[in-house]
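Asker: One-letter residues, chain by chain:
4 protein chains.
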Amino acid sequence: MAGNSFGTKFRLTTFGESHGEAIGGIIDGCPSNIVLDQAFIQAELNRRKPGQSKLVTQRKEADEVVFLSGIFEGKTLGTPIAFQIQNNNSKAADYDLLKDAFRPSHADYVYQQKYKHRDYRGGGRSSARETTARVVGGAIAKQLINPIEITAYVSSVGTISVNKKYTDLQLDLAESNDVRCPDPVIAQQMEQLILDTKKKGDTVGGIVTCVIKNVPIGLGEPVFDRLEANLAKAMLSINACKGFSFGSGFEGTKMFGSEHNDYYNEDESTKTNFSGGIQGGISNGMDIYFDVAFKPVATLLQPQEMLTTKGTLEIIKGKGRHDACVVPRAVVIVEAMAALVLADFMI
Amino acid sequence: MAGNSFGTKFRLTTFGESHGEAIGGIIDGCPSNIVLDQAFIQAELNRRKPGQSKLVTQRKEADEVVFLSGIFEGKTLGTPIAFQIQNNNSKAADYDLLKDAFRPSHADYVYQQKYKHRDYRGGGRSSARETTARVVGGAIAKQLINPIEITAYVSSVGTISVNKKYTDLQLDLAESNDVRCPDPVIAQQMEQLILDTKKKGDTVGGIVTCVIKNVPIGLGEPVFDRLEANLAKAMLSINACKGFSFGSGFEGTKMFGSEHNDYYNEDESTKTNFSGGIQGGISNGMDIYFDVAFKPVATLLQPQEMLTTKGTLEIIKGKGRHDACVVPRAVVIVEAMAALVLADFMI
Amino acid sequence: MAGNSFGTKFRLTTFGESHGEAIGGIIDGCPSNIVLDQAFIQAELNRRKPGQSKLVTQRKEADEVVFLSGIFEGKTLGTPIAFQIQNNNSKAADYDLLKDAFRPSHADYVYQQKYKHRDYRGGGRSSARETTARVVGGAIAKQLINPIEITAYVSSVGTISVNKKYTDLQLDLAESNDVRCPDPVIAQQMEQLILDTKKKGDTVGGIVTCVIKNVPIGLGEPVFDRLEANLAKAMLSINACKGFSFGSGFEGTKMFGSEHNDYYNEDESTKTNFSGGIQGGISNGMDIYFDVAFKPVATLLQPQEMLTTKGTLEIIKGKGRHDACVVPRAVVIVEAMAALVLADFMI
Amino acid sequence: MAGNSFGTKFRLTTFGESHGEAIGGIIDGCPSNIVLDQAFIQAELNRRKPGQSKLVTQRKEADEVVFLSGIFEGKTLGTPIAFQIQNNNSKAADYDLLKDAFRPSHADYVYQQKYKHRDYRGGGRSSARETTARVVGGAIAKQLINPIEITAYVSSVGTISVNKKYTDLQLDLAESNDVRCPDPVIAQQMEQLILDTKKKGDTVGGIVTCVIKNVPIGLGEPVFDRLEANLAKAMLSINACKGFSFGSGFEGTKMFGSEHNDYYNEDESTKTNFSGGIQGGISNGMDIYFDVAFKPVATLLQPQEMLTTKGTLEIIKGKGRHDACVVPRAVVIVEAMAALVLADFMI
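Protein chains in written order, with my numbering: chain S, 1 to 347; chain C, 348 to 694; chain G, 695 to 1041; chain V, 1042 to 1388.
Chain S with its partners taken away, still in its complex shape:
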């Protein structure tokens, strides 16, 4: 069953294995006659790119996006926008010893079982490298959903978390540090934790929070295609994602209705926003905010017991270049996926 497309009216279809020729995609449904800011698209890719800071994997990729269609004289044609990013820095040899071994908590085993044939190099299709295509799609979507503003940031790494609500933070500080946390003090602690973890060849999880402002009323369809349902699907489709909650989230389950209800102001805004900007599956014009949980990366740069294709258990030391913590880079993916969801409802 085809499963590599996202969206109905604004639809991104992606392709590419980690160490194949290229990663890329096709965006179908983009309106015509729109001046695309290609520098912005590249800038978004650069935000996601490996090797940017000492926190993240040192895989060196130019990650330069090339557009093959759908744009003429700088403006969209209304036809499919195809794009690709070459895989240059493919140290496939790093993965040779994983050819016959299944790393714990990784997709290796299930891919082998499901497909009977897999590209073992760098995780193949299951690699987070696939998310570059999402970033391109998201960067185009962001240009279509004016005046909506999407800002994601790291709200926790391991047990270190920002203890302020987003409304008490200066969100644009997130991009001022490598960990992408808008609380500079906490950011430093997070950074230290990631570096310490990395040194041990270990990894650690974290949470990304996303805030969407200036949302028009009425986005989302009732019943199955609720705004929050499509956001949830979008987020859980990201590698290593373990959970999604919006508005009051899991904490809201502990509240009484009389505390939780968002009473109206006369201007039709609400006094509180436990609803997280969505009621009955439809945006109500208040800020949308949600949390996305990411597990610690499965690939460790330390010896681990793996299952081999021969059915034995063997201690193997992981190679390759991997993040010790995905959340700093996941920030960009979360924003991209949110933009894709919104564009699909708005076009």
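Hints are computed from structural coordinates only; laboratory data are not their basis. All C-beta atoms, glycine included, are put in the ideal place defined by N, C-alpha and C. Wrong hints could be hidden among the right ones.
[Claimed, not checked] Covered, in the sense of this in silico footprint (three residues per stretch, anywhere, with C-beta under 8 Å from a C-beta of chain V), are these stretches of chain G:
| id | stretch |
| --- | --- |
| 1 | 698–705 |
| 2 | 790–800 |
| 3 | 846–859 |
| 4 | 910–918 |
| 5 | 932–939 |
| 6 | 967–973 |
| 7 | 983–994 |
Since the structure of chain S is already known, use the hints to place chains C, G and V on it.
Answerer: Same frame as chain S, now just chains C, G and V:
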């Protein structure tokens, strides 16, 4: 945009307003020549039905499902299965005073803004009564996904929660009490909390945990149609749902990779199951388990300030029949949606 | 694979077997706040209804459509519109002798092979009775596509055909005779042919021509979802349909480009219209016109050799109530399907 | 609305403008672990390629397909297969004078109206060059639908037509001449007609007939996704296509049921095959055969009156490289689209 269908190969399309003629749906893609256990379908509806216990709304609905097509001589034809449930006990008059008022944290306001016309009686399409159609769809799906077993239960109500993992519980005890919690002691505390809350005309939230056993390896598609992504969408499409997490979930974000990784046994099972039975978007044969957060119901049976269509704020006392806590009945919806997700991958 | 839905944004899903409980469907994606003319919907059903004239089957069906959802106070809610038509006059006994026999050129055999279980009564799902649901969907679609006007008529029955182009006919005369041909002289010949054919227990084919006026420029998507591609699919999905052509059609293949090209007038209309109102998959504002071929109905009311489930060939005389020629009633179905196609592009 | 994908389970999405960077696509849903014959894919592209014979456009394109993903060690991975074909021989300057003119019966005008921005070079997205991507998709599909055999051929050019049924022809002779007609005598006449037409700077239409053998019983879904409905959509989605008919087609409308019915043999085959291998929307195991009508190409290499963007009419002489008759090359596209339809039902 049409948004009332769920699934691709096994697709449920639903219809119906709370106080309209009927609630129902069409299941398209059900395989042919299958003996359907119609008594089981009705039994599932009865599990969801209002008026079953003192914990839930006293709206009396027979909730008898009638099949209109797709079944002949007790066996499926492979053609669409249409079904409907009459709305008998529609006390629409209860809602007259809500004709011109928008309840806080309810869908009233956004429906009015989006559609410019709404059926204000009992929430119209946004009513949880819509979920009866999901239960029918789920009850059919459950019959197609042998040998998979899906069991959901209430794991928290307000601040009272089961402190054991599902593996330390006797899950079939869940159906032995009104609150559907498999820990009988905790169940009684939950029940008391719901009754106390109800007495005050208030409501309270909670969490449903769902466990899926005997899952074949290989369900789910990589990238966008991951098993967890489709489960997340399914759950967040349920009224009042605020979050979804699977396996280690939000807690897993606090862990290190070396703790979190699920090491293999020689029989290809894993020693731990932080992955929650899904790796790389694909089932690995271990148990799938996930949590679904539900907010406190927005409709309170106490005076609340509402926004009126005239733009004023007025204190209005809610009428109608509403649950003080949705989770006991949500258990059935969660199972149904999980079954729909699985059937769509398995057929 | 689910195959009982048509359309993406304006989507009709249908259900029902000929002698089951009911025929009906769900329309998802209908805009809200539209006053629906329900009398018009019933009038369209009456145009299709059996037993209207001596030309068509005498099955007596009230064919009264009942709406179950999606309409409140006479206006659409933007939620799914469910509807059903009871099957009252089901002489299922007529079909008992077909329980174990496969009629030639009928769906009996392939349904048995594909599904291993079939409702043999009146053709089950393969009955043209299924098209009632299309007429309801089409009658709603017609109300959404103002100012477009769709008019279909019978242009041939057997070897008798209207020899004028649609532009030389007074199209509204089509509804003035039982055969629905706008040329009254030819209509009478067609009628005589159908009656003669019926007397022999035989059937005869024919062609329906459809003309669509007042089409806005720009409907249709390039490449796969061209306007003519979706029209072709719509028409070939009608029972007994054998072909579709638009504009110059098969005759156009005999022409040279210099004859066939439609040169522009200064007002951007074209001097000729061999293009049939569609260029590059997109409407150009000129009239759209197309032909739809229908074979003679397979069920004859005369003895025919049939294949039995025992693998023998036996002479069996068909019973049941069947049209000797489908085109007079197919006119209504062709219009309905065209309306569904257009609504899906326009909403 | 996204419209550049074909198929549900086996889905081809295409991209590319005639004089853009590249033409290509993504195939999603291809099963894993299949050895792909890449030489066969290239051979199919070569069959479609311009410049092969004196009959067709002399645009010189290498048309070498490059695969970017989805194939590893020669076998499919089950992940998306992305491919592209560079546009090398783009004489864009040929089209400069068409920048501000709309050719008659071409997509220029409607693209401008619909999109407000168009790539006027060589027809942009509306160019038949887009069909290269379909050929790649079809060539992969053909490898998945064993033992089905698809053979298309030219059955008429202008008024010259093969007067034999496909069953009386030696189909493999079609590839022995440039016009792709299996009747060598008629082929020569067709060839002469095309050359004469070309000399005048004119174009001519024609018909492609397609025969599908060894079809398993049961392909197709009843009601909207009938096998013939999907074939019709597939064919009408090809540039310049004006009509589709299968089995007895338009001629069948002139017959009586007693003549047209296909009576069974004891082996469950039928004595005749007016049904064209499809009954009730489902394949019955007999040969499928259908006709596809193509109009004369709109672009003439002679002076023609065109509408300009200034609203005037001007005589302009077309440049560029165009076929005088599309059907010899359309044979390959028809086969490809048929393969895509079948693969979508079979996978």
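Asker: Three residues or more, CB to CB closer than 8 Å: is that satisfied between the stretch 846–859 of chain G and chain V?
Answerer: Held - the stretch 846–859 of chain G has 3 residues with a Cβ nearer than 8 Å to chain V, which meets the minimum of three.
Asker: Quick check: the stretch 932–939 of chain G, covered by chain V? Criterion 3+ residues, Cβ under 8 Å.
Answerer: Holds: 6 residues of the stretch 932–939 of chain G have a Cβ under 8 Å from chain V.
Asker: Please count how many residues of the stretch 790–800 of chain G have a CB within 8 Å of a CB from chain V and say whether that reaches 3.
Answerer: holds (count 4)
Asker: Is the coverage entry for the stretch 967–973 of chain G by chain V consistent with the three-residue Cβ rule at 8 Å?
Answerer: holds (count 4)
Asker: Using a Cβ cutoff of 8 Å, are there at least 3 residues of the stretch 698–705 of chain G near chain V, or does the coverage claim fail?
Answerer: Since three or more residues must qualify, the claim that chain V covers the stretch 698–705 of chain G holds, with 5 doing so at under 8 Å.
Asker: Using a Cβ cutoff of 8 Å, are there at least 3 residues of the stretch 910–918 of chain G near chain V, or does the coverage claim fail?
Answerer: Held - the stretch 910–918 of chain G has 6 residues with a Cβ nearer than 8 Å to chain V, which meets the minimum of three.
Asker: Given as covered by chain V, does the stretch 983–994 of chain G meet the bar of three residues or more with CB within less than 8 Å?
Answerer: Holds: 9 residues of the stretch 983–994 of chain G have a Cβ under 8 Å from chain V.
Violated hints: none; the structure is consistent with every hint.
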